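Asker: Each protein sequence line maps, in turn, to chains L and H. All the letters of the first sequence, read from the start, carry residue numbers 189 to 668 under our numbering. All the letters of the second sequence, read from the start, carry residue numbers 189 to 668 under our numbering.
Each hint should be verified, as a subset may be incorrect.
Which residues of chain H face chain L? A partial, calculated answer using Cβ under 8 Å [as the list claims (entries may be wrong)]:
hint: 1; residue: T249
hint: 2; residue: G250
hint: 3; residue: V282
hint: 4; residue: N327
hint: 5; residue: L364
hint: 6; residue: L590
It should be emphasised that the hints constitute simulated quantities derived from the structure, not laboratory data. Predicted model only: the values in this text are computed from it and were never measured. All residues carry an ideal CB built from backbone N, CA and C; glycine is no exception.
There are 2 protein chains.
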Amino acid sequence: MPKDIITLRAKDYSQWYLDIVRNADLADYAEVVRGCIVFKPTGYAIWEAIQRGLDERIKETGHENAYFPLLIPKSFLTKEAEHVEGFAPEVAEVTRVGGVDLAEPYVIRPTSETIIGHFYAQWVHSWRDLPLLINQWANVMRWEMRTRPFLRTSEFLWQEGHTVHATEAEAEEETLKILNDVYVDFLEKEMAVPVLRGRKTEKEKFAGALRTYAIEAMMQDGRALQAGTSHNLGQNFARAFDIKFTDQNNTSQVAWTTSWGVSTRLIGALIMAHSDDEGLVLPPRLAPKQVVVVPIYKTPDERVRVLEAVDKITADWKGRIRFRVDDRDNLSPGFKYNEWELKGIPVRVEVGPRDVEKGSVALARRDVPGKAGKEFVPQEGLTERIEALLADIQTSLFTRALAFRNDHTVEVSSMGELKEAVETGFARAYWAGSREDEQKIQDDLKATIRVIPFDQPEKSGKCILTGQETGQQVVFARAY
Amino acid sequence: MPKDIITLRAKDYSQWYLDIVRNADLADYAEVVRGCIVFKPTGYAIWEAIQRGLDERIKETGHENAYFPLLIPKSFLTKEAEHVEGFAPEVAEVTRVGGVDLAEPYVIRPTSETIIGHFYAQWVHSWRDLPLLINQWANVMRWEMRTRPFLRTSEFLWQEGHTVHATEAEAEEETLKILNDVYVDFLEKEMAVPVLRGRKTEKEKFAGALRTYAIEAMMQDGRALQAGTSHNLGQNFARAFDIKFTDQNNTSQVAWTTSWGVSTRLIGALIMAHSDDEGLVLPPRLAPKQVVVVPIYKTPDERVRVLEAVDKITADWKGRIRFRVDDRDNLSPGFKYNEWELKGIPVRVEVGPRDVEKGSVALARRDVPGKAGKEFVPQEGLTERIEALLADIQTSLFTRALAFRNDHTVEVSSMGELKEAVETGFARAYWAGSREDEQKIQDDLKATIRVIPFDQPEKSGKCILTGQETGQQVVFARAY
Numbered sequence: 189m190p191k192d193i194i195t196l197r198a199k200d201y202s203q204w205y206l207d208i209v210r211n212a213d214l215a216d217y218a219e220v221v222r223g224c225i226v227f228k229p230t231g232y233a234i235w236e237a238i239q240r241g242l243d244e245r246i247k248e249t250g251h252e253n254a255y256f257p258l259l260i261p262k263s264f265l266t267k268e269a270e271h272v273e274g275f276a277p278e279v280a281e282v283t284r285v286g287g288v289d290l291a292e293p294y295v296i297r298p299t300s301e302t303i304i305g306h307f308y309a310q311w312v313h314s315w316r317d318l319p320l321l322i323n324q325w326a327n328v329m330r331w332e333m334r335t336r337p338f339l340r341t342s343e344f345l346w347q348e349g350h351t352v353h354a355t356e357a358e359a360e361e362e363t364l365k366i367l368n369d370v371y372v373d374f375l376e377k378e379m380a381v382p383v384l385r386g387r388k389t390e391k392e393k394f395a396g397a398l399r400t401y402a403i404e405a406m407m408q409d410g411r412a413l414q415a416g417t418s419h420n421l422g423q424n425f426a427r428a429f430d431i432k433f434t435d436q437n438n439t440s441q442v443a444w445t446t447s448w449g450v451s452t453r454l455i456g457a458l459i460m461a462h463s464d465d466e467g468l469v470l471p472p473r474l475a476p477k478q479v480v481v482v483p484i485y486k487t488p489d490e491r492v493r494v495l496e497a498v499d500k501i502t503a504d505w506k507g508r509i510r511f512r513v514d515d516r517d518n519l520s521p522g523f524k525y526n527e528w529e530l531k532g533i534p535v536r537v538e539v540g541p542r543d544v545e546k547g548s549v550a551l552a553r554r555d556v557p558g559k560a561g562k563e564f565v566p567q568e569g570l571t572e573r574i575e576a577l578l579a580d581i582q583t584s585l586f587t588r589a590l591a592f593r594n595d596h597t598v599e600v601s602s603m604g605e606l607k608e609a610v611e612t613g614f615a616r617a618y619w620a621g622s623r624e625d626e627q628k629i630q631d632d633l634k635a636t637i638r639v640i641p642f643d644q645p646e647k648s649g650k651c652i653l654t655g656q657e658t659g660q661q662v663v664f665a666r667a668y
Numbered sequence: 189m190p191k192d193i194i195t196l197r198a199k200d201y202s203q204w205y206l207d208i209v210r211n212a213d214l215a216d217y218a219e220v221v222r223g224c225i226v227f228k229p230t231g232y233a234i235w236e237a238i239q240r241g242l243d244e245r246i247k248e249t250g251h252e253n254a255y256f257p258l259l260i261p262k263s264f265l266t267k268e269a270e271h272v273e274g275f276a277p278e279v280a281e282v283t284r285v286g287g288v289d290l291a292e293p294y295v296i297r298p299t300s301e302t303i304i305g306h307f308y309a310q311w312v313h314s315w316r317d318l319p320l321l322i323n324q325w326a327n328v329m330r331w332e333m334r335t336r337p338f339l340r341t342s343e344f345l346w347q348e349g350h351t352v353h354a355t356e357a358e359a360e361e362e363t364l365k366i367l368n369d370v371y372v373d374f375l376e377k378e379m380a381v382p383v384l385r386g387r388k389t390e391k392e393k394f395a396g397a398l399r400t401y402a403i404e405a406m407m408q409d410g411r412a413l414q415a416g417t418s419h420n421l422g423q424n425f426a427r428a429f430d431i432k433f434t435d436q437n438n439t440s441q442v443a444w445t446t447s448w449g450v451s452t453r454l455i456g457a458l459i460m461a462h463s464d465d466e467g468l469v470l471p472p473r474l475a476p477k478q479v480v481v482v483p484i485y486k487t488p489d490e491r492v493r494v495l496e497a498v499d500k501i502t503a504d505w506k507g508r509i510r511f512r513v514d515d516r517d518n519l520s521p522g523f524k525y526n527e528w529e530l531k532g533i534p535v536r537v538e539v540g541p542r543d544v545e546k547g548s549v550a551l552a553r554r555d556v557p558g559k560a561g562k563e564f565v566p567q568e569g570l571t572e573r574i575e576a577l578l579a580d581i582q583t584s585l586f587t588r589a590l591a592f593r594n595d596h597t598v599e600v601s602s603m604g605e606l607k608e609a610v611e612t613g614f615a616r617a618y619w620a621g622s623r624e625d626e627q628k629i630q631d632d633l634k635a636t637i638r639v640i641p642f643d644q645p646e647k648s649g650k651c652i653l654t655g656q657e658t659g660q661q662v663v664f665a666r667a668y
C-alpha cells in the first residue's frame, strides 16, 4: 500500500481528498451512471455508523420511521411554486414502463415534501393527530453538473424528516430541536466535528421554506461544508397539499410543517475534517473498527505463541472495543500498518515474540502519526488503557478541529478584509445588504453567507458593504 | 377501534389480509404512484426488526454491506439473454433529465446482477480477491400488473447479496449457506415461520441462474408464499460481464457468482402466518414492542397510585423487555385493549387500583385471544414470568404453524388427488414431467411446483402425470 499515492494536502487539497476516497477504498466512480458512485464496504460501513447514531437520536426525540414511494407524479412538483423552480432543472423522469409510454411521467424524488405532503393531507384530520413526527431513510436523485464523491453525487442516501404541527411555534420548536438535539449533538459528539449553527439568508434557504436553519463545518482548507439543514416550511406545503386539521374549537386550520435532512455528504465532511497526508482518520466513536491488532512473527512457533497472547489480550474486549485481529499470513506487518493507517483505524496494537516474553505491546494512535503516537505498554490493564486512549483520541480530534476553526475565523470590517479572509477560512461580518448584494459577493469572491449565526454580538456595527448600521452579523465562506 | 371492520378469515381470506394491513395501520395504498404503497410507521418498524435479524446473520457469515447505483444503463440488461427476457416487460425507464432527453435511457434496478457484475469485473483480478462477499439493502422496482400490499408492489425494499467465487463448488456452498444459515434460521427462529426448503424447477428458476433454491412458507389458507431465494448463477453473469481472475497457476479463469434476496414481502408472510380474526399477531422476538402496559383508573388519585405501581413493576424491564406504557388519558382501557390486539403486541399487562392493593396484575397473551389467554398473577416475579411467557408464545406460534402445515400437506398419487390437495394446502408428488407438463398443470389447477424438496424419499414411485418411475418428489401448491 504505497503512501506516495496520496497527494499532500498542502499541494492539492482537492486531489488529496479524491486520493483518500480511492485509496482508503471508500467509493468507486460509477462512470456508467452519470454522477453516481458505488459506496464500497469500507465507505458504507461509515454510513451505517452514521445511520445508527442519527437514528437513535431521531427516535429519542419522538420520531418514527416510515417509507414513501421513490416516484412522484410530475404534477406534484409544480404545486409549490418555489419548490418546482428549485428542483425542476435537476430531476430525472420516468416516462416509459415495459416499453410503453406513461400518460403522466413520474420524477425520481429529489426530496419528498410533495409526495409526503399528499399523504399527510389524508392522515391528518384533527388536532389529536398532531404532531405527526416521521422520518424516512432513502435514496434521492438530483442530476448535478459537477459531482464529487460523497459531497455531491446524482444519487445519494439520506434521512429526511417530515413533521406536521398545529402551530407555527411548535413547528419552529421542532425545527430547532432537530438542529440542536439531533444534528449538532451527533456531529460534535460522534463525528468530533464542531459546527456553526444559524439561519440561512433568504437567498440560501430551501426552495419553499419559510426559514432554513443549518449547521456548517469547516474543512481543513478553510472551506465550509453545509452538514445538515432543518426547515420550517410554514404553511407553504400544507396549503399546496391541503394539510388541514380541526382544532379544539372545531375550526378547520391549515397545518404547519417542517422538513430536515442529512446525507452521505457527512462521509465527505468526516474525511475532510480529520484526515491527514497518511490517509483517513476516523473518530473512535464512529469508527466501524476501533482497534486493529497486528501479530508479528516469523516462524510457525512464534506464530502460535503470538496468536495465543493476542487471544489472551483481547479476551475481554468483546462488547467493549470494536476490533479486528489482522492475522493474514501473506502480508508483512509493515504492509498492514500502512493499510490500517490509510483506512483510519484509531488505534493499532502490535504484538511480537519479544512482547510475549516481556508482557508488553506496542500501542499506536492514528491521530498522532509516527513515533510520537506510539508507546510500549504492559499487557496488564491494556483494555482500560485502550478505552481511555479511544476517549482521548475522540476529544483530541474535536479540540483540534475546533482550534483550527477558531484560528481560521476572523471578524472583518471591510470588503478588502472579507476578500482576504475567505481565502483561508470563515469571515464574520456585519451585514445589511440585499439579496442582490449577496449574489454580487458570490460572483466576485466565490463566497456565500453560510449562516446568520445564533450567537449575535451585543453591539451593532457597520455593514461591510453598505456601511449601514446593523445588529446582524453573518458568516461568509467559500463552500463545498 | 371497532373489531367488525376485519373480515373473518373463513369468509374471505384475501379481504381479511387487506383489512389487517389497513386497520393495524401497516401500510397505505399510494394510488397516485401505480402499484406502490406507503410503509406506515407500524409496518416499517416490522421491516426494521426484520432488517436487524437478517443483517446480523449476513454479517456473521462474512458478508459486508455496500451500495450500488439505482439506475442501470438499459444496455446492461440485455447482456444476459435470459435475464433481459425475464425483466424487460416490467422495468421503469428514465429517459429525460431536467427536461432534456438522454442519449441512452436508464432503467430503475429490478435487481442488480447486471450493474454489480459490471463493477465486480473491475474489482476482481486475482484469486486473492476471492471470495467477494457483498450485500446491499435497497429499493427495487418491477412494474407489476396485479399488486397487493407487501406481497407484490411495484417498488419494494429488500436485501440482495452478490458474491463471486473461484469454483462452482464454492458458489454452490455459498448459495446453500445463505438459504440455510441466514434465511431458514431467521424465518424459523425470529419470525416463527416454518419453511420448506428445496430447489426450483427449470421453469421456476431465476432468469439467468444455473440453479435457484427457495424457501416456501404456508399461509393460513394453505397457499405457499415464496419467502426467499438463493441463486447459483454459475458463470452466466461472469461471462456476460467479464468477471475473470488469475488463479494460483497464473491462468485466467471465469468466476462463479451467486445472488440471493428477501424483501418486504416477508411482512406479508408474517401477517398471513400468524394473525387471526382479531388482528395482527406478532412473534415476540420480532415484535417492535413486546409488552403493552395499560393502567386502569377513574379518579386522579387512582391515576397517581396506578402509575406509581406501573413504574415499580417496569423498573427492571429496560434492556430485557421492549415495552410501552399506554397512559393516554383520553382513551378507555377497553379501546386500548382492542387497539393493541389489532396491532399484535404479544403481551398485555393491565394494572388497576385493586391490583395495586393486592399486588397483582392481569396478564393477557395475544396468541390466545379472550379469557383463555388471560390470567391474574402476582407483581412479584413478574419480569421473569413475562420473559418466560414471551418465549412460550414464540415457541407456540412456531409449533402451531408447523402443525398447520403438516395437517395441510398430503402425499398424492394421482392427478385427481393433486387437484383436491392444492385446494387446501401442499401436495407432495412423484414427478417426472416436462416443463410443458408443469405449465399445463399451472393452467389447469392454478398450482405450481414450489420446490423439489431437499428431503427426498428413499424409494422411487410413479410420476402422477406420466406414470413414469422416478426418484424425485416435488411439492405443488397455489402460491402468492
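Asker: Taking the hints in turn, state whether each one holds.
Answerer: Outcome of the hint check:
no.: 1; hint: T249; in the structure: violated, 15 Å
no.: 2; hint: G250; in the structure: violated, 12 Å
no.: 3; hint: V282; in the structure: holds, 5 Å
no.: 4; hint: N327; in the structure: holds, 6 Å
no.: 5; hint: L364; in the structure: violated, 23 Å
no.: 6; hint: L590; in the structure: violated, 32 Å
Checked against the numbered hints given earlier, the structure breaks hints 1, 2, 5, 6 and satisfies all the rest.
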